[in-house]
Amino acid sequence: MKYLILLLIGFQSIAQDFSAANIPAELKEKAHAVVRNHETEFYVKDIGEAVMKIKGTITILDEKGNDHANLVVGYDKFTKVSNIEARIYDANGKQIKKLKKGDIESFSTSSGQNSIEDNYVKVASLTQSTYPYTIDYSYEYSYKNMMFYPVWEAILDNAEFTAVEKALLKVSLPDGLQFRYKEQNMPTKVVMTKEDDRLNYSWIVTNLKAIEKEPNSPHYSLIMPTVYTAPTDFKIDDYTGNINSWNDIGKFYGALNSNRDQLPAELSAKIKDLVKNETDVTNKVRKVYEYLQANTRYVSIQLGIGGWQSMKATEVATKGYGDCKALTNFTKAMLKDLSIPSYIALVRAGEDRAEIQADFPSFQFNHVILCVPMFKDTLWLECTSQNNPYGYLGSFTGDRNVVLVTENGGKLIKTPTYKHTDNQLLRNATIEIKDNGEAVADIKTEYTGLQQEIYAEVAHSLSNDDQKKWLYKNLSLPSVEIINFSLNEKKERLPIVEEKLNLHLRNIANKSGSRLFITPNILNQQRRLPIVNANRKTELELDGNYLDIDNIAFKIPKGYAAEYLPEPTKIETKFGKYTSKVEMKDDVIIYNREVSMFKGRHAAATYNEWVDFKKKMVKADKNQVVLVAKP
Amino acid sequence: MKKIAVLLLLTTYSHFISAQLIPEPKVKFGEYNMEDVTMKSYAKDSSVDAVVLYDYGSYEYDFNSGLTVNYIFHQRIKILRKSGLRWASINIPFFWDSNPDKQEIVKDIKGFTYNLEDGGVVVTELKKTSVFEEKSSSKYRDIKIAFPQVKEGSVIELTYKIQSPLWYYLRTWKFQKSIPVVWSAIKAIIPGYFDFKLTYFGFQPFAIKEVKDGKSVFWSRSDERGRLIEDPYLSYHFAMQDVPAIREDDYMTTVEDYRSSIHFELAKTIFPTSGERNYSITYNDVTKTLLEYPDFGVALRKFGKTARKISADILAQSNTKDTLTLVSAAYEHIRNTITWNGENRLMATEKLEDVYEKKSGNSAEINLILVGVLQELGFDANPVVLSTRANGKLIPDIALLDRFNYSIAQLVVNGKDFLLDATDRYVKMNMLPKRCLNERGWLISKKPRWVSLTPTNKKQTTTFLTFSIEEEQQLKGQFFESYLGYASTEKKAEIERVGQDKYMESLKNIYPSFEDPIFTYKENEAKEARIECETKVNEAYTIAGERIFIQPLLWKTQQVNPFTKADRQYPVDLGYNIQELVIAKYTLPVNYSVESMPASISVTLPENKGRYQYTIKAENGKVEVMSQFTLVRPIFSADDYITLRELYTRMIAKQNEQIVLKKN
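Chains as they are written, first to last, in my numbering: chain A, 1 to 631; chain B, 1001 to 1664.
Hints were generated in silico from the structure; no laboratory data involved. Some hints here could point you the wrong way.
[To be verified] The calculated EDC-like cross-link candidates involving lysine to aspartate or glutamate, where the alpha carbons are at most 16 angstroms apart (straight line), are:
no.: 1; chain 1: B; residue 1: 1663; chain 2: A; residue 2: 563
no.: 2; chain 1: A; residue 1: 468; chain 2: B; residue 2: 1249
no.: 3; chain 1: A; residue 1: 491; chain 2: A; residue 2: 453
no.: 4; chain 1: A; residue 1: 599; chain 2: A; residue 2: 352
no.: 5; chain 1: A; residue 1: 619; chain 2: B; residue 2: 1515
no.: 6; chain 1: B; residue 1: 1128; chain 2: A; residue 2: 315
no.: 7; chain 1: A; residue 1: 616; chain 2: B; residue 2: 1249
no.: 8; chain 1: B; residue 1: 1502; chain 2: A; residue 2: 212
no.: 9; chain 1: A; residue 1: 619; chain 2: A; residue 2: 594
no.: 10; chain 1: A; residue 1: 599; chain 2: A; residue 2: 572
no.: 11; chain 1: A; residue 1: 473; chain 2: B; residue 2: 1515
The shape of chain A in the complex, shown without the other chains (with noise of 0.2 angstroms):
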């Protein structure tokens, strides 16, 4: 009898283990959170539908980790949540509330008026004010969309001040049903184990210390503990698929997506008619680009399986509008009975998304595009903007891995990559400065490239009243009235932008007494600094890929002569490179500045030799020259 008691105890204190004093004190370095326990078992039934199983045990250490006491279940048509519990506890591990149904609510994550989609969230916020606290919870979810496994992170979220006590993944299988795997920098390795007539494959994690996340490093998602998983044979809805290969994936979507690109008599005469006179393959694409971008709109509607399937090419003839897959196949439509052939492209889009595991097929995308080859380059297409000059990817879709839909499957293939030289800034201003030190600016810029896409877009979705706006806060000019503007736009492959500013400017040059102060990098001087970090962890990785070259002559008032002129700086570095001169020629001084930076990846250890150039930029921008009044 005693016996039993005192196992009962034990066995209380080990299953429950709520109590926030048995964490480690390395885990709780830097931690806002500590994961006690967190199980995600991915149980397959079938090639159709499978049970996923969620369980949590966190301690919030203090307020900054009440992000994790906020339980947020995405769901759609295809998965169904049930079995939210989840049971709070202070720090001595006593329980002090249940979650209740009337607790958890439920919202659409449809992306605003423009999107019809159903897409779901069910959230309940379980967070406290005493510090810490802990929170247990599970759920499960009911899954029929098998063309996704889960892809395990580690860390829950890749949250940064997160530590993890221990962390678990279970696949399990029904035996002969295959999957893939790839292990990304985690510490331990796969166990498999066989059960009955089952498969089980699990990753264990136990005591990652918390991180904190670095600026300018490689995206995170790429670097943490992770487990990409993915399935071979698979069912969603009635189709059915096999992946081993990019070849298969683009083999499935062109299955899910065949036989709906045909277009309505009527425009497909039409489409003929606009191009009868074009001989030129490239002029008769634009010639159905321009049609596309002037009567069609992107409108995201992704209700069930039209999340991966198309419109018919009909249906946007008749409404007029589609999302991203719809457009596309719209727009092959269009080419196919020119007779030019073109392949949907399955890209992940965004400037600042992590580029897909190139060595693990399995659908990674979140947009299409298209491409058109032709007889000496490939010609790409954005279906979804009414805007984007004709052949231009940019830093949405350019410069990444995209899977080629082809008639024989798809083929893994790079987009387009903008050159530095590509990317940019072309400034010559003439600034004439009057007796009171006030002055008037005639400024033409052009941008090309990466870097036109921000004044591209300010032209496009903006007033008059706000593009205005928008330069005077672009300018960051201490007294500036803007007396004309405009911005112009050359839709070439590589578009140009071209900005013209006229501008009357008080306190550009300062007089006091009888000297007169110009710093005559007013356009575009850096300023922000990245912090010196000793500790450096993770590579420094650059984005900016540009060139930018400012002349400037500045007219001076009659009756002054140089006092100071700072000397020329230059410097090269493998991130970079910088030169600025200034130079005086009867009443006029000229500016010269001309900054490349190029994109690319460097150890951790030379980060600082980054800091240390941006600061001799920063220091060079902010030299000033003084001019005296003749006596």
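Position chain B against the provided structure of chain A, taking the given hints into account.
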């Protein structure tokens, strides 16, 4: 420039008016105007991307199947540029309940897209396949409409009905939108059973302003002679023409304070069966309603027992009868015990006892608890209800209960109002967080009255720079920066957000060339923030031959004017007064002396609303500069804008001037 009032309002319509200043355009659904379809740009503002051509709403009651409000909406929009295509996706939110009798129903959705093609007009009908319903939350749903065949130049037309069982609530009519509106009109027919109070916000003139009475059959019933019984009603008709676009601007409380709109609030119901029932009508009624409301006055009284216990503890610990000490003890106890959950609320949503136990609550809960504890300590403490800046201004002449969204605590100390908000960790006693600084609040007590929310604290920073000018462009010395009033609350919130260590680390970057800086964070007796630093500053000045040029305010030199636009239509609402003082003292190198320095100046705004003062003196190898910027109004009218902007310009010019030193 037209002078614009902050708020212009019509009073409730106690008598009938009729003013048809501009004739109503004849618009029939499905019959487009050729001029609209061929229109290339909007004459009054050629750069806008879309224009609402026609916006019409009709509100009517129907008693035949329960109490129902029937809304009819009718809208025409012209798309002028591609960026205007966003107006072709329409979102209609409506109230949803699991009980079908309590749901709103959106029905009879009809629409057309009109396009000019080859000189003719192509009409595309809106089909059901372009209409979607989405659950946005447990209480609201959206009808989402994606109009077909919309391109640059299209006109879209939409009509729909909403059948609403929420008879006590009428939707606010917004004449003004983020794009211009050519014609906007609302008609409402309100049976004599209801007394709605109408409030007009904004400053745009009416084209039609009509209130009439009449009689009509609202539900089928007959008198003894078999005749259908008519009920009296009031009919309202308001319209505006060529309404300019309105959008959020910097230093604006909320755009809703200036948007032309008509707001309905139910004041009274007079039902034959249940008689008359009053809802809030005057501010005194607001007081009465709140004092008797379960989630306000009643909740506060029920909290008495717990409050007594808390106050007994406070008394036991304080050992004093001094008012300020006791109030402070109660205030600190409540704000350190209960965490604000971020919600601005007028009333409690849970029992105050539970909130105190749970240690987390909304603004009303926390401050009602504070009121309760102060009352138990023997003070005449009471709640003050207000509307936060983001929620819009209160109108002294018109009481609307639903304009309030926040409660704080009040008591009188030494004959002056003492206001407390225990939701904020960084404000001092008798200082409200910025969100509350919205002119006035209403005291809920036996003697209700307005309470001024204009703060006595300002946003104040004081910086001392004390450096000796060393060789090779280096300075050596220290600086102190004190943050007082709102400067402190903002600074402390910022430090808390990033963490103190990280914040201090980031300070090394405010000036690129600090060398070996030692930062110290301190707080004064009022717990206001202060940062001290001992450092060398590299590349702090320019050397040219025998001369040294130095900008004496260093990184405290303001570079950019916060007011960029040439003029402004709305007031600049800062919330509080501002004072920025910098005192810089330099010890010159032994072999140098001052060759020239900026002149001392003082610039003052009309009526002394603001001032910039710069004084400089040099003696015995030392230079001392004082730069002080003050604004002594929390709100500047649109008319003051140009002088306010100019004051900044003058300050920036002066601060950028330099001292010239010359080798002896």
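Hint check:
This hinted pair checks out: residue 1663 (chain B) and residue 563 (chain A) have alpha carbons roughly 15 angstroms apart, not beyond 16 angstroms. At most 16 angstroms may separate the alpha-carbon atoms for a hinted pair to count; residue 468 (chain A) and residue 1249 (chain B) meet this at roughly 14 angstroms. Pair hint residue 491 (chain A) plus residue 453 (chain A) holds up; C-alpha atoms about 11 angstroms apart against a cutoff of 16 angstroms. Pair hint residue 599 (chain A) plus residue 352 (chain A) holds up; C-alpha atoms about 14 angstroms apart against a cutoff of 16 angstroms.
A hinted pair counts as satisfied when its Cα atoms are at most 16 angstroms apart, and residue 619 (chain A) with residue 1515 (chain B) qualifies at roughly 14 angstroms. With a CA separation close to 13 angstroms, the supplied pair residue 1128 (chain B) and residue 315 (chain A) stays within the 16 angstroms bound. With a C-alpha separation of about 37 angstroms, the suggested pair residue 616 (chain A) and residue 1249 (chain B) falls outside the 16 angstroms cut-off, and the hint is violated. Restraint check: the Cα-Cα separation between residue 1502 (chain B) and residue 212 (chain A) comes to about 11 angstroms, which is no more than 16 angstroms; the hinted pair holds.
Taking the CA atoms of residue 619 (chain A) and residue 594 (chain A), the gap is near 15 angstroms; set against the 16 angstroms cutoff, the hint holds. Pair hint residue 599 (chain A) plus residue 572 (chain A) holds up; C-alpha atoms about 15 angstroms apart against a cutoff of 16 angstroms. Annotation: proposed proximity of residue 473 (chain A) to residue 1515 (chain B) is violated, straight-line Cα distance about 32 angstroms (limit 16 angstroms).
Hint violations for this structure: numbers 7, 11, all remaining hints satisfied.
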